[in-house]
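Please model the entire structure based on the sequences and the hints provided.
For the sequence shown, numbering that gives the first Met the number 0 gives the first residue as 0, with consecutive numbering after it.
Keep in mind the hints are simulated off the structure, nothing from the lab.
Just so you know, these numbers come straight off a predicted model, no measurement behind them.
For every residue, glycine included, the Cβ atom is placed at its ideal position computed from N, Cα and C.
One or more of the hints may lead you astray.
[To be verified] Simulated restraints, written as ranges between beta carbons of each label pair:
#: 1; residue 1: D58; residue 2: L161; range: 28 to 34 Å
#: 2; residue 1: G35; residue 2: R160; range: 16 to 22 Å
#: 3; residue 1: E129; residue 2: S1; range: 35 to 41 Å
#: 4; residue 1: R23; residue 2: D58; range: 34 to 40 Å
#: 5; residue 1: L135; residue 2: D4; range: 14 to 20 Å
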Amino acid sequence: MSLTDAEITAALAPAGLQFIERVRQSVQLPLPAGRGAASCASEDGRFDCLPHEIVDVNDPDLSPRVNAGWWRMATEFGLLDEQREFLLAVDPEIAWVRVRLLDEWDIAGSGVPALRSSFAGLFTDRFVPEFTTVSLDGRMLMNTTVWGDGTVSTIVIRPDRLPSGGPSTGHQSV
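And the structure:
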């Protein structure tokens, strides 16, 4: 069942995300056709977090460490516009919403169900974040994800940051 705008607003508030609007049109993702972010390689414009930003799901400092890595990559690769807005994929239906990152935020420690990894349940019972964001201009996608080794990290897909300007494989719509 689809969440209402009011339900999305209330659900995202603990993370420090202000709901702006639901995106009704398709969102262009900077991914090669038929590929997800995790399957992209450096030649597709994939940038991985720094080694110290990879966090075990049971690390007691999971939230601040994931938040710090996410913030560094969000600012370095241009996720946020001038108003600190971006697109966020939310469940239970794969829908995109436009949100604003507030001054006080804690995405990784928020406990927001729409940002919770179901895969992390294989490793722990605690809240572990997993979510995908896209810049409003569609030039970059950022994915905070749980990997098969029980770690969490953030990756960016930004083909225009390649020395050649990026591959000419086109974009994927969702």
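Going through the hints against the structure:
1. D58 <-> L161: 28 to 34 Å: Once the Cβ atoms are compared, 32 Å apart, the range 28 to 34 Å for L161 and D58 holds.
2. G35 <-> R160: 16 to 22 Å: 19 Å, holds
3. E129 <-> S1: 35 to 41 Å: 20 Å, violated
4. R23 <-> D58: 34 to 40 Å: For D58 against R23, whose Cβ atoms are near 38 Å apart, the range 34 to 40 Å holds.
5. L135 <-> D4: 14 to 20 Å: 18 Å, holds
Hint 3 alone, counting from the list given before, is not met by this structure.
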